[in-house]
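Mind the numbering: the sequence shown is residues -17 to -1, 1 to 181 in mature numbering (1 follows the signal peptide of the UniProt record, and there is no 0), read in order.
Honestly, I wouldn't trust all of these hints.
Stated by the list, open to error - For lysine-lysine, the following DSS-like pairs were computed, each having C-alpha atoms within a straight-line distance of at most 27 Å:
no. : residue 1 : residue 2
1   : Lys114    : Lys13
2   : Lys135    : Lys174
3   : Lys179    : Lys117
None of these hints come from the bench; they were simulated from the model.
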Amino acid sequence: MRLIIAALFSLVSNILAAPFPDENYGEILKRKTYTAKYDDLAFIEPGPNPIPAGYNGLEYTTFQVDQYDGFIPPTSGDKVAMAFGGSGNFSVPASPPRQSIELDSFSFACVAGIPQPECAISIWGWKTNGKVIKRVITFPRLDPGHVIEDFKMNRTSFSQEWRDLQSVGFSIARKDNGGDMYGGLALDDVKYTITKEN
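Could you put the whole structure together from the sequences, leaning on the hints where they help?
Okay, structure coming up:
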């Protein structure tokens, strides 16, 4: 009897440890969740400091490593991903094929100095099926007369709609009139899952 129970326990353990099929595709998938904090990346003045290809499974365009300079502190550590000029993207690499991103959350700030108008951050997601989704989030205006410690990164989360993505793109503009911000977009603690189909 003990032998049967031990055999059943071993069988159940092996089944639970195996990759599980995705209900949408019927494929065996491998998933890995990351939180990109950027603190393990080198920052050298005067730069540039591009984020290395394949960092935590992603390819970055325009984003660079930036170090805390006394203005808006990172959510964790002392570094962020910064898109100087306010636009950039990250994506899964083309090889190996059949990879996708599920975006979970990140901290963000528009960085244009003080005073700074309210900032609209447009986020696009390009799905593996060719569909494009969009969301706009807001970073509040920054007025003079505050101590630096009052300025913080904000945080946002994403729904299940933000899965099966090949790429995620960003751009910033003034919220009041859509004009240029003349600043950068900082991201920190970017949490996402990369799925690879076998």
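Evaluation of the provided hints:
| no. | hint | in the structure |
| --- | --- | --- |
| 1 | Lys114 <-> Lys13 | holds, 23 Å |
| 2 | Lys135 <-> Lys174 | holds, 19 Å |
| 3 | Lys179 <-> Lys117 | holds, 24 Å |
Going through the hint list in order, the structure satisfies each hint without exception.
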